[in-house]
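Kindly generate the complete structure, drawing on both the sequences and the hints.
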Amino acid sequence: MSRLVLFLPLVLFAVMAVYFGMGLREDPSEIPSQLIDRELPAFDLPAISGDVEGLSNTDLVGQVSLLNVFGSWCPPCAVEHPMLMQIARSGVVPIYGIDWKDPPGAGSAWLERNGNPYQRVGDDASGRTAIDLGITGAPETFIIDHLGRVRYRHVGVITEQVWTDRLRPLVEHLQAEAAE
Amino acid sequence: MIAELGQFALILAFVVALAQSVLTLVGLKLRDPVIHAYARAGALTQFVLLAAAFACLTLLFAVSDFSALVVAENSHTDKPLIYKLTGVWGNHEGSMLLWSVILTAYTAALALAAKPVEARLVSLTFAVQSLVTSAFTAFLIFTSNPFARLWPAPENGQDLNPLLQDPGLASHPPMLYAGYVGFSITFAFAVAALIEGRVDARWARIVRPWALTAWTFLTIGIALGASWAYYELGWGGWWAWDPVENASLMPWLAGTAFIHSLRVMEKRDTLKAWTILLALLTFSLSLAGAFLVRSGVITSVHAFAVDPARGVFILAILIVVIGGSLALFALRAGHLRPTGVFSIVSRESTLLVNNLFIGAACFLVFFGTFYPLFVTTVSDETITVGAPFYNATFNPLMGVLILLVPISGMLAWKRGKLKRILRLLTPAAMAALAAAVLAFWIADRVRIAGALGTGLAVWVGIGVLIDLAQRIKLFDLPLGASLTRARNLPLGIWGMIVAHLGLAVTIFAITGVSAWKQEASAFLMPGQSMRMGAYTLTLDDVQRQDGANYITEMGQFSAARGQRPMGEMVAERRYYPVRQMSTTESAIRTRLTGDLYVTIGEPVQDRGWPVHAYVYPFAVWLWIGSAILALGGFLSIADRGRRALIARKDKAAAGSDEVQA
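Protein chains in written order, with this note's numbering: chain A, 1 to 180; chain B, 181 to 841.
These are calculated hints, taken from the structure and not from any lab test. Predicted model only: the values in this text are computed from it and were never measured. Virtual Cβ for every residue (Gly too), placed ideally from N, Cα, C. Any given hint could turn out to be false.
As the list claims (entries may be wrong) - Listed next, the stretches of chain A that the computed footprint assigns to chain B, with coverage defined by at least 3 CB atoms under 8 Å from CB atoms of chain B:
hint, segment
1, 89-96
2, 109-122
Stated by the list, open to error - Just a few of them, taken from the derived set where beta-carbon distance is under 8 Å, the chain A residues facing chain B:
hint, residue
3, 3
4, 17
5, 19
6, 20
7, 21
8, 82
9, 101
10, 104
11, 105
12, 152
If you want it as structure tokens, here you go:
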């Protein structure tokens, strides 16, 4: 019996190694979402300040858009932010934001400090909507088509490369699709 | 030319390491004593070669040779020299090279420090250590070559991520790696002991200084990382339960359990298999941390470029190193028989409880870090684990554990008298209760957490001081006699007392910073003021200036507490044109009672500059507390060194006839 116990660490590690291997197979920033090609779950989030309006899922119908989940507490979001500003300035696609699990005032202060790339920002202080969206961590970005369906999910920072190689072509494709 | 030299040195280091591990094992099998001498020469050669490779890479950065790919991607001619040099490890390839250099530095240190008396054990340790080195140098050569060329060479480089151009980053990774990698030595010793099939108090005595060294560096590394987050990221936090932070916390927890159980093994010759397992796990968790960051399995700010080939390679290293050592453990640990017995009320049993609690805490962090990955791998569901999870699970567990700290320190080995100790500790309990009630009464919110944290900190602090007073018979003897006793206390005991005091200070600081922080924000035009609690903050002026490789906008503030002026503060917002990134340089006025922390943002037309101000009570004690913890580590290491020295002199005098290398 006691000899068998000694094998326990090895067995546990073997199980983990299998998971690691499975986790490696795909690009981790392309975690498939169960929401792909489905409509967004319903949400109606209040505004984070008087400057920007709040966000509900119906705001995302009618045009192709990016839905970005961020938080002022999230260092990678600070890294991603200049890229979002650049996308917003280029006018290629509107960006909507969900401020995830931020204390009152923190999200708006952060946007004031770094600039606001978002058309509207919903305050998800409880994290309820993030759970419905299946968020693994901030930042995370969805591409939403003109019918309000999730078409793509990107986990992690949008870098210049991610934007030009992956997101932008898909956004332009969806915009062409919407125009037909 | 320089790059090729570096490349050459790197390849040679790989070959020497591989040859050493194979030859040593063969030599030991043949029982040829010549192998012991070779083991040392080989260890030193590996270090010299990798240090040379590292020097080459540093030189490439110093002269901004953009025909080297890593330099072109991470440096820029306008960057200050200090950040050109620290940029060497501000990228994946360079940091892995640094990792390998530190790995061989430890091997070389072992070669210089090891006594000839345990020749077989030490040679086996070299073999294991060299195997790990060859794995990592192979990883460098085949998937992350730091000396790759770029042709044609670009005019200028892409600059280092400005968040990483900070003194905190300059020192954080080397310290952290010195910690992670230091546990490779204890790992190698554990594997060697399993192969030898013999673990005893002597093994624990040899291994303990290495474990303490690694633990101390890891403590410093984590504290520097937290202070980097606090000062440079400008969001006012210092710990976010980010996967990469967790990756450094897990080996720290396992390492903490390990140094405590080593003590039990050394004194009581028991907990053998458990201690060996901790040695294996501590380094395994360090490696898993590297896997986390490098493979991109989990995303984080610290993540370097994602490359599946690297992930596969690191996974292979993990399977060989961790899987191999755990398999050896499963087969051999059954032979390790304890000679000591356990009594319920004794220091060793409280240390066992310490181990179980830390082990459980480590598992919680592990679970919180990897569970989202497991869930996404087996189903379409995705879930999130954040601070609330850790607050609800990790904190109570650590709280109960910390209650035991002063009791454990005072209990005797073998058989302790609990009643007497509880009586002695009554003043500490009273003080803790009083402090908790006071904290509850003063605070207007987060009262319970604040009261619990304060109470625990005071309990540990006073409890440890009572322990010290008992040991030197303060008040029982004349003061002079007590001081003599204090001077004669072994440094290891001082190390324990100091480290536990550091723990008390750190708990108090964590409580202060997280439970009692205040914040406020407002738009300010020059000349306008804002209030936060007792503080008034006035924006005097905003100026633009050019820095070395950035443009800065500086907000000059004058702060006052009540009517008393606190002087000038300057908060900056820097823009780095090459990377098109901005960073905030917060203005921090540090006092022992707390930090006033101010950041300034991008101005909004007609409304002025958004200003965010925080008060972090007792924040500076976070760093002081960590420094005291590390000091405790250093004291204990010094003790080992001195005792080892004395033992060697005794041996030399007695003309030992043990195996000579």
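Please write out, lowest number first, the hints stated earlier that are contradicted by the structure.
1, 10 and 12
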